[in-house]
Amino acid sequence: MTPPLSPERLTRLLDDAVRPVTARPGALDRIREGTRRRRMARRTGVVALTAALIGGGTAAALVLTSGGGPARIASLAPSPASSLATSRAEAGPPPAGQTRTAAVPTAPLAGAPSGVPSTGLSALPSAAPSAPPSAAQSAPPSAAQSQSQSQSQPPSAAPSPQASAGQPTPAPAGSSTSPSANRPASAGLPSAASSGAWAIDGPGQPAASVSIVPVGNARTTFRFLLVVRTAAHATQTVPFSATSAIGMPPLGPVVVGAANAAKDGHTELFVLVDAGCCTEFWTIFRLVGGHVVQVRLAGAPVRLAVGGSVTDNGGFSCAGPYLVTYTYIYRATSGTLESFLATRDTYRWAGASLLLVSQRQTTIRGAQNPELAQYSGVSCGALPQYVLER
Amino acid sequence: MMIESPDQPGFDQQGLDDFTALYVGHYEQLLRLAVLLVGDVPAAEDVVQEAFIRVHRTVDGGAVRSPLAYLRQTVINLARSEVRRRLVRLRHAPRPMPDAASAEEGAYAAISRQEVIRALRRIPARQREAVVLRYWADLPEAEIAELMGVSTGAVKGYISRAMSRLGLLLKESS
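These protein sequence lines are chains Z and C, in that order. Read in my numbering, the first sequence has 270 at position 270, and its numbers run on one by one without any break. Read in my numbering, the second sequence has 525 at position 135, and its numbers run on one by one without any break.
Watch out, some of these pointers could steer you wrong.
[Claimed, not checked] Quick list of simulated restraints, FRET-style, between CB atoms: (1) Z:Val288 - C:Arg512: 34 to 42 Å; (2) Z:Asp264 - C:Arg508: 50 to 58 Å; (3) C:Lys561 - Z:Arg296: 38 to 46 Å.
Please keep in mind that the hints were generated in silico from the structure rather than gathered at the bench. Backbone N, C-alpha and C fix where the C-beta goes; we use that ideal spot for every residue, glycine too.
Chain Z on its own, in the form it takes in the complex (with noise of 0.2 Å):
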């Protein structure tokens, strides 16, 4: 039986342990200057507000704000001519809790549901064709151009380069020789995003409106709705799990793009659902047996890491009826050669989970290896390489 410890030794120990810490020089000027954006983009976010509504129902204004949080309404674009046409009121996202503006053209916007915190309108992050995504900028022309074409058209019948199952896929747009190239020195927002129009019933029939509430406390809560309006399966709500906000920042899980990712009609819906400093994780969404749900593996809710540093990265690719995992890690170095362990899984598209089909690993010598390429990046429809500026 042990003793339980007493309040005075308690007391004495927790003082000890934090007394040396002090509050940092500068650390009110960093609150300050903090306060300071946070109003800033309020007022900018009120009159882009106002501009909006009176541009009339045919742009929808996306407002983040700080005070109550955001709230995320994404993929609104039934038009193919609408998915071009966007523009950023910001040249980037703005520090985490500061309103968030632009201006996306398209339909009218349908608001949170009742019931569910939502303190403002957020639509997709998105970029003007003038910015196009860093993957883009650094991807060959012929990467380059055939993403270009797949924005002007629905995700759904966009053509995109796929690999066939068993086969490593060829490296993808932003990917290079060199892992640590495989960053972008500036991902910008995605346009894939912007023009993902949820072609939820297929090619043809009215895109679904898709926006993402926070349960709770906007900035602070893991806990988010997925609110899915489509003309033949009503309104929908999934619930899931992201980082939230405030870890996450500025938006917290935003919609990524849709991809007709398994090759049956239907696209599926991308969610980004937990950033690092250098890997994102992306969850899908799809319609299965008139219900949306999300995808499981393994038992849990999928999450596919994208994107990494020098010593690992990840990225998928849509193989027809496969979805084809990658990642490299950094395992050791021998000699001058740095060593990586290069693992492919291929997972098969089965109602609401991805079965595992095969797995394949490889041990792939030198940091600049050409075969490590093919083991990051996303190759899928439209979809961007990063969704989070960094």
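Position chain C against the provided structure of chain Z, taking the given hints into account.
Chain C alone, transformed into the frame defined by chain Z:
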């Protein structure tokens, strides 16, 4: 360690605006509170600075009667979220490389390595909050209950279990 109040004798507010007075009077103590709740200094700094940014507007507008209570509540909520977020990250974090720099390297590494901090990390968040607020911030149980949004009885339970567990953990480590 009572969190001092600006109206306490000796606290000089002359020449300071409300917000600066709030910062001078409470920042360091709230930072220490956050360190005890989240377990490391950089994350605690983020939490407290975010709390101050949030409270700045309300202080300016005079919308909050007790800025200190508001700050403390915000720090606790943000610290709770930070811990949850960290758990999610840990679940998916790649294993560190043998020669990679440790997260514990830095000016405040010693704090993170303190036995009591490590022990606090190993008890449930609610218990950690209750015991820190009771025995470090010296708050009465009723106020802790209000801050945590639970009953006083629940707070007593948290504290009791936390003390038993901490006693065991500290004995093990010593």
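Worksheet item: Is 38 to 46 Å a correct range for the gap between the Cβ atoms of lysine 561 of chain C and arginine 296 of chain Z?
Response: holds (43 Å)
Worksheet item: valine 288 of chain Z and arginine 512 of chain C, beta-carbon distance inside 34 to 42 Å?
Response: holds (41 Å)
Worksheet item: Honestly, do aspartate 264 of chain Z and arginine 508 of chain C meet the 50 to 58 Å range at C-beta?
Response: This hint holds: roughly 51 Å between Cβ atoms.
Hint compliance for this structure: every hint is met.
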